[in-house]
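Residue 153 in this note's numbering is what sits at position 153 of the sequence shown, and the numbering runs on without skipping anything.
Wrong hints could be hidden among the right ones.
As the list claims (entries may be wrong) - Label-pair ranges, simulated between beta-carbon atoms:
| no. | residue 1 | residue 2 | range |
| --- | --- | --- | --- |
| 1 | Lys156 | Ser247 | 27 to 33 Å |
| 2 | Glu171 | Lys101 | 21 to 27 Å |
| 3 | Lys146 | Val112 | 20 to 26 Å |
As the list claims (entries may be wrong) - Using 30 Å as the maximum straight-line C-alpha spacing, the simulated BS3-like pairs for lysine-lysine come out as follows:
| no. | residue 1 | residue 2 |
| --- | --- | --- |
| 4 | Lys101 | Lys243 |
| 5 | Lys213 | Lys119 |
| 6 | Lys213 | Lys184 |
| 7 | Lys184 | Lys244 |
| 8 | Lys138 | Lys164 |
| 9 | Lys242 | Lys138 |
| 10 | Lys244 | Lys146 |
| 11 | Lys119 | Lys138 |
| 12 | Lys197 | Lys164 |
| 13 | Lys101 | Lys184 |
In case anyone wonders, no lab produced these hints; they're calculated from the structure.
We put the beta carbon where it would ideally sit given N, CA and C, even for glycine.
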Amino acid sequence: MTHLQPMEYHAFHSTSSSKSNRWIVASLAANVALVGTILYISSSSEQQAASLGAAVKSLPQCSRAVNVHAAGGRRGFVTGGLGAVALMGMVRPQESKAGLKFPGTMPSDLGVRGDGSLKTCPSTSNCWSTSATDASHKSQPFSFSKSTSEAVEDLKEVLNSYPKEGQQIDEKTLVDGGGWRMIKNNGGYFQLEYESKKFGFVDDVEFNVEDGKVQYRSASRQGDSDFGVNAYRLNFIADGLKKKGWSTPGFPLTTAAQR
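When you get a sec, could you build the whole thing from the sequences and use the hints?
Dropping the structure here:
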């Protein structure tokens with residue numbers, strides 16, 4: 001068996017490290033370039049740009065979207081690029097100049113459970129549900145003191161009053177700029193889809209009218225943070241119902257990106 005002498009080992013180790021370092025630099029450069037391209041296309045807000053910047057800084061350690069380690073060599077170069085692409089799913093821009101759309105797949109388990117509840121929320125911060133089991137995602141049902149049929153009509157009117165062009169919260173924040181559509185209207189159950197103008201991200205929203213209260217759920221199909229989009233949407237609906245004499249405890253919901 002051949003053993004490397006100290007000087008030979010040092011030279012071998014230095015060469016190997018040099019090659020590894022070059023792959024690391026190339027990987028990071030590719031990530032920065034790709035994320036920069038996404039940022040240029042999206043013309044995102046300062047908040048979104050900051051999120052992208054933070055994500056780029058985290059690439060040498062580990063991206064939350066996919067595992068990207070600095071010492072990954074050639075495989076790190078490939079997975080690093082995939083990590084930058086995956087960052088697109090972590091961002092919820094509110095305006096669009098690009099025609100790219102990423103609606104995602106509708107969950108197969110939406111709808112009313114046997115006990116009248118709806119689907120709970122995942123661990124990500126882009127969901128609110130009256131059926132959630134943890135405080136960071138759980139919200140309170142809307143309540144009413146009129147007949148169920150009147151309540152259904154009230155809710156339907158408020159849902160239909162939501163702007164088709166979305167809510168312009170401020171100069172930089174357009175919520176649901178891609179429009180919305182009613183998927184189901186079965187008695188007291190409503191299912192809707194709301195779309196972002198940029199990249200066509202879709203959120204699934206449900207309402208179920210029961211005796212004296214309404215259960216609801218609003219959740220993004222993809223990503224982690226929603227920049228408050230689901231809260232803005234539910235706040236609009238809660239405000240409309242409140243004007244009709246409903247009780248909306250816990251509103252307005254916080255619109256912070258991370259709760």
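Quiz item: Hint by hint, which ones does this structure get wrong, listed from lowest number up?
Solution: Result: hints 1 and 4 break, sorted rising.
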